[in-house]
Amino acid sequence: MSLTPRRVLLAFLVTTFPSMALANHSWGGYHWARTSNPFTLKVGNNVNAGWQTYFDTTISDWSASSVLDLNVVAGTSNKHCSAVTGTVQVCNRRYGNNGWLGLASISITGGTHITQGTVKVNDTYFDTSTYNNPNERNHVMCQEVGHTLGLDHTSTDGSSQNTCMDYYSNTGSNAGSTLSTHPNQHDYDELNVIYSHLDSSTTVLSATVMPSAMEDLLIEGPGQWGREIERSEDGRTSTFELDFGHGNRILTFVTWADRDSTDIPERRNLLMR
Amino acid sequence: MRMALPILVGLCAASACLSRGTAERLPSLRPLPAEELAKRLRARGLQVEYANAIEQPFFAAPGTVYTVEGADLQIFVYSTESAAAADASRIAPSGRSVGTSAVGWIAPPHIFRKGPMIVIYLGSDSRIRGELAAALGNQIAGAE
Chain A
78 MSLTPRRVLL AFLVTTFPSM ALANHSWGGY HWARTSNPFT LKVGNNVNAG
128 WQTYFDTTIS DWSASSVLDL NVVAGTSNKH CSAVTGTVQV CNRRYGNNGW
178 LGLASISITG GTHITQGTVK VNDTYFDTST YNNPNERNHV MCQEVGHTLG
228 LDHTSTDGSS QNTCMDYYSN TGSNAGSTLS THPNQHDYDE LNVIYSHLDS
278 STTVLSATVM PSAMEDLLIE GPGQWGREIE RSEDGRTSTF ELDFGHGNRI
328 LTFVTWADRD STDIPERRNL LMR
Chain B
56 MRMALPILVG LCAASACLSR GTAERLPSLR PLPAEELAKR LRARGLQVEY
106 ANAIEQPFFA APGTVYTVEG ADLQIFVYST ESAAAADASR IAPSGRSVGT
156 SAVGWIAPPH IFRKGPMIVI YLGSDSRIRG ELAAALGNQI AGAE
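Line by line, the protein sequences are chains A and B.
Okay, so the first sequence: first residue is 78 according to this note's numbering, each after it adds one.
Okay, so the second sequence: first residue is 56 according to this note's numbering, each after it adds one.
What the hints contain is simulated information worked out from the structure, not anything from laboratory work.
Heads up, some of the hints might be wrong.
Restraint-style ranges between C-beta atoms, simulated for each label pair [to be verified]:
no., chain 1, residue 1, chain 2, residue 2, range
1, B, 181, A, 106, 34 to 44 Å
2, A, 234, B, 95, 25 to 35 Å
3, B, 199, A, 162, 36 to 46 Å
4, B, 199, A, 151, 35 to 45 Å
5, A, 162, B, 107, 30 to 40 Å
6, B, 193, A, 250, 39 to 49 Å
7, B, 99, A, 188, 41 to 51 Å
8, B, 170, A, 207, 49 to 59 Å
9, B, 180, A, 204, 24 to 34 Å
10, B, 115, A, 204, 55 to 65 Å
11, B, 148, A, 253, 27 to 37 Å
12, A, 186, B, 199, 26 to 36 Å
13, B, 193, A, 304, 54 to 64 Å
Which bits of chain B does chain A cover? Going by a derived footprint, with three or more residues having C-beta under 8 Å, they are [claimed, not checked]:
no., region
14, 118-129
15, 141-155
Using N, Cα and C, we set each Cβ at its ideal position, and we do this for glycine too.
Model the full structure from these sequences, guided by the hints.
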């Protein structure tokens, strides 16, 4: 066999960066934009006591990555697990007989930059004996959060590569197996590849520049929305501003229900800086 | 008998009127596509039961879940073929993600599209897969 330049280069890459050469399960190139590494990503904890252990394990597992840390904050999502800009919100609920154990959704800007993510684990299934075991819970929680970091599955044939990003099922005769319940080195290597570059801006809600008073804020009613700075001519919509100084603001967009209706107004919050 | 004839004529007239009127008001009255597929599978000897209505956050159309030999069959019927094609185009070849949603299915997904319909079979039964392929064409995404 002759050593063509391409083969020499491949041999160099494999021997020099053995693990990086194997890492190849980026999800569409999606990643959080940030200007430095390691970066800290806030994860909203919206899970109940039944999921807390698995949530904590997942946070610890992914934070072992050398390029990112997951910082748990109080969940700010609602019963629909709505996304919150710059964060990942993790929720559990009985989402119904819809065929999925877990669902990870991300929003994208600029083609590949993740701006927000949500993870839902479905108690419609996890409350049944088929799925209700620690290994399956760890597997699914770990995998769905991994997706929000930009990782795809390592395989889909049902075999175990001993990573939570594979499609092994820890159910039935495998219920007692701890295979595939955590990330493996391949996943950390892939994260290194995905986040090896830096971006000129960030989509991550900053853990340091946002005033602490803005964290974990419950904005339940007009009393917490600040001052009204804008109102439509018909009075149906308003914008409120809560100013924390130094350009940090929470804007609340309100669409009022009919005045004689008992419905609560529809509103959207936007953190501004 | 004198009384029966007018009543009979009246009933016939009412029946004809109702029949013609219904046809005019509901020109597309026929079994829904999802139920047509279910009937076809039943006719092939498969045990098919209605389970529940469904809405997937990553699809624009509502759907219906049937169980086929105990496994889930999700059928989404769109208002137009192009709408179904648009959602189908967002499904990854593996069937494990749709757009920017990654889906942890309870069983291997096999996804089909025919006309305005997207059909997801969650299971591995080769007979069911064969019957779906016969009815809907080859799967467009999903497990091998």
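Discussion item. When the structure is checked against the list of hints, which entries are broken? Sort them ascending.
Written reply: 6, 8 and 10
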